[in-house]
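So the sequence lines, in the order shown, correspond to chains A and B. Read in the working numbering, the first sequence has 350 at position 350, and its numbers run on one by one without any break. Read in the working numbering, the second sequence has 335 at position 335, and its numbers run on one by one without any break.
Calculated from the structure, these hints are not laboratory results. Be aware that one or more of the hints could be misleading.
Copies of the same chain are indistinguishable here, so a pair counts whether it falls within one copy or spans any two.
[As the list claims (entries may be wrong)] Calculated pairs, DMTMM-like style, for lysine to aspartate or glutamate (alpha carbon to alpha carbon, straight line, at most 20 angstroms):
{"no.": "1", "residue 1": "K382", "residue 2": "E243"}
{"no.": "2", "residue 1": "K34", "residue 2": "D142"}
{"no.": "3", "residue 1": "K206", "residue 2": "E65"}
{"no.": "4", "residue 1": "K463", "residue 2": "E433"}
{"no.": "5", "residue 1": "K50", "residue 2": "D136"}
{"no.": "6", "residue 1": "K463", "residue 2": "D23"}
{"no.": "7", "residue 1": "K463", "residue 2": "D85"}
{"no.": "8", "residue 1": "K34", "residue 2": "E373"}
{"no.": "9", "residue 1": "K206", "residue 2": "D105"}
{"no.": "10", "residue 1": "K382", "residue 2": "D57"}
It should be emphasised that the depicted structure is a prediction, and the values quoted were computed from it without experimental measurement.
Here are the chains, one letter per residue:
Number of protein chains: 2
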Amino acid sequence: MSTFVVVGGDAAGMSAASKAKRDDPDLDVVVFEKGEWVSYGACGLPYYVKGEIQTLDDLVSVTPEEFREDRDIDLRTGHEVVEIDPDDRSVTAEGPDGEVVQAYDHLLIATGAAAVVPDIPGVDREGVFTLESMSDGRDLRDFVARSRESSPAEQPDSGPACHFLENCEGPVAVVGGGYIGIEMAEALAHNDFEVHLFQRGERVLKGFSEATSEAVAEHLRDEDVVLYLDTEVRELAGGDRVEAVVTDDDRLPVEMVLLGTGVRPRTGLAESAGVDLGPTGAIAADRYRETNLPDVYAAGDCAEARHVVTGTPSWVPLALTANRHGRAVGQTVAGNPSVGGGVAGTAAVKAFQMEAARTGVLDHDVAREAGFEPVTETIDAKAQAGYYPGEGTVTVTLCADRPTGRLLGGSLVSEFGEGAVHRSHALVGAVTEGVTVAELANYDLAYAPPFNTTWDPILTAAKVLEGEL
Amino acid sequence: MSTFVVVGGDAAGMSAASKAKRDDPDLDVVVFEKGEWVSYGACGLPYYVKGEIQTLDDLVSVTPEEFREDRDIDLRTGHEVVEIDPDDRSVTAEGPDGEVVQAYDHLLIATGAAAVVPDIPGVDREGVFTLESMSDGRDLRDFVARSRESSPAEQPDSGPACHFLENCEGPVAVVGGGYIGIEMAEALAHNDFEVHLFQRGERVLKGFSEATSEAVAEHLRDEDVVLYLDTEVRELAGGDRVEAVVTDDDRLPVEMVLLGTGVRPRTGLAESAGVDLGPTGAIAADRYRETNLPDVYAAGDCAEARHVVTGTPSWVPLALTANRHGRAVGQTVAGNPSVGGGVAGTAAVKAFQMEAARTGVLDHDVAREAGFEPVTETIDAKAQAGYYPGEGTVTVTLCADRPTGRLLGGSLVSEFGEGAVHRSHALVGAVTEGVTVAELANYDLAYAPPFNTTWDPILTAAKVLEGEL
């Protein structure tokens, strides 16, 4: 009997464990998870804080008990793996009853990513949060609940006054304009907080197109988020509790700070065992997700994967890739070697009443480094037929390689419900298959007046870009 | 100086004329249109009848004056081309001032399609409509307006009473459960008519998957449309005016009948000139849209095109293909030979508060005839992440070839706004590029909780079907 050991019980780990056991019921599957939660939808945490999801349990797709009883997986929560011994083919974990040593035939490292805490004074004060774990989500929701119980209107001395909005909850800061920052800005604004969002770079959603970033930034301002672009946070000032965000120009009193400053792969355990990291700093793995150590796999947010456009290693820590690659590893260790596919750098975000998605390569420097000659065009189109009721628009940015016409990447933004995200699915296919913009422009896409113009905005963008090549 | 003559001034014809003149301003471009309207959005007529679009002019994207003055196109409305003489390279048209003969260097036949009037007694009675032309739209809107001015509640003798609904406008019949029939059912029900929909076959939307047809049929019934499946209409009885729909089982008093029984290509003019028709009965053309006669092209609803899955000629009379192929012909005659791409048989429809789309090959007989071994699977998925608010579902049907795994076709249905149609864009790409379901299942599609489950329903469907092969 063969043993499959998994380190880390979230998306990649539990997908692998479940798939391996399902495909080969004779396999012993052991999962070590240092926390108490497994297989939870961390992507849902902003909506839990917002109040649209009522309990943390709602975010759990399969409970530890179900994994143990229904799926026959030896899931050991509260166990942190502290060492991998590849020569002995074993791992050592520290649990509530001390150390355990577990032998493996196949090992999956699925240690995920950790929130980056920027190196600025004051990040350890009370009231400074990241949003990484379920307990972070709980702390943030508690903060929201407490603030709403004691709103400044009733207790004027309880905290700093709002700067711009009347009758708001005390001002709060979000540091970082990526999707966590934007989703949390929505969650907090929805709870009547005056939200100040600080972005070090010139635009929010920097991986998306400039047109997308600008549309989202304008919408954030319309939704009363105070946006500070090109602004470095120098200090989170205060006593025990954070009291103010300090920038070069300003000292802004706040009641809370949410750090949405990115994540980094958790690679320490793997490195100690001699697992190679790749050029991105995440764990290197082949297309079967196997590392340089035989029978040791890596999947999910801790690992890199091949980019479908550049063909080079890329680190895009997102839920679908974790699920997909975890599942593929599960199939592989169950005896059916499977690849999980590359990554396209696809991402989607809801920002208040807008939605945006991106895929492939949009950054010209990245494109040039991969040997392409990038050209980018952006078009605005009505979301429905010209004569059909509705004022919605879809903005499409496409980037292509001039000599070949190959589509390299795309970014879309629209009002929420107007289809920017679902339309991006077609662009993922096009960048994955190496389709040219001329070919894309000839796609026989669906058309009906309530859904698009006769030429869907994607087709119009492809036609326009084709004309530029 | 070269002359490009176009027969027919709607989507294909005006796209070709505009593109040719834009790309080669020295070209003389002459368009003959037998009616008075050109370049109008016939797809919008149901929404004009519904009342969501206020005037027929709203459906016109470019007016005859704009074509003449801004685009320098010699557009002759009210001129019906009655003969093409390919040896003389000329056409003869009858206009208000008698016959004109016009020489051509390049000729485009874009005569469109005509509504099929079924061969049953009574179709020529007053109150029996088709929905093909702008004047059909006007007549239907007038009927709606008149009926609403004199509703049965106020004038009980004005027409047949409703059968099932209280306080409705007089009962009306829609014959045909394709998208025109369904869009018109929505338009009429929205105006408080009791709508009876008769479908000869076993299901509505027969080109879609069975799961899609069933979901839409159930929704039509929920919206109080009385649905008669597997029901042949034998007669439209009455005096001058239609008074009843007669089936084998029933005689249903109605105030109006809308025939949505399909269209057929208008090929008479072309046939007389010696233009070959293809196996579908529409005009045969190569990938440049050229017919068997040199410099004579055919595009739009009168012509067939190569199907991207079967590789065989296919006749799919829809707006995007007409625009795309017309534009390609325009480029070609302007000196830049261009193909307009194949057709995938893609279609989309809004049905009250649902939306549906289909693409590729779903019919197993058609698939087998093309040499495939079709396997079909259908899945239901939540439209958002499991924990995210909303009860919407997306139902995805995929059909693949067993030995190769190639995706042959797909059909999706969801509540309106939940993305069935925009998601179908990705399936169009997949069937066009010959992607397998295993490859599709590994696509790095966008995910965020407000838009889908981690595995978008498309991916889940591909995974499930992959498991069946």
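Here's how the hints hold up against the structure:
no.	hint	result
1	K382 x E243	neither (45 angstroms within a copy, 42 angstroms between copies)
2	K34 x D142	neither (24 angstroms within a copy, 71 angstroms between copies)
3	K206 x E65	neither (41 angstroms within a copy, 46 angstroms between copies)
4	K463 x E433	both (18 angstroms within a copy, 19 angstroms between copies)
5	K50 x D136	within (13 angstroms within a copy, 51 angstroms between copies)
6	K463 x D23	between (46 angstroms within a copy, 14 angstroms between copies)
7	K463 x D85	neither (56 angstroms within a copy, 35 angstroms between copies)
8	K34 x E373	neither (46 angstroms within a copy, 49 angstroms between copies)
9	K206 x D105	neither (42 angstroms within a copy, 53 angstroms between copies)
10	K382 x D57	between (41 angstroms within a copy, 18 angstroms between copies)
Of the numbered hints stated above, those contradicted by the structure are hints 1, 2, 3, 7, 8, 9, listed in ascending order.
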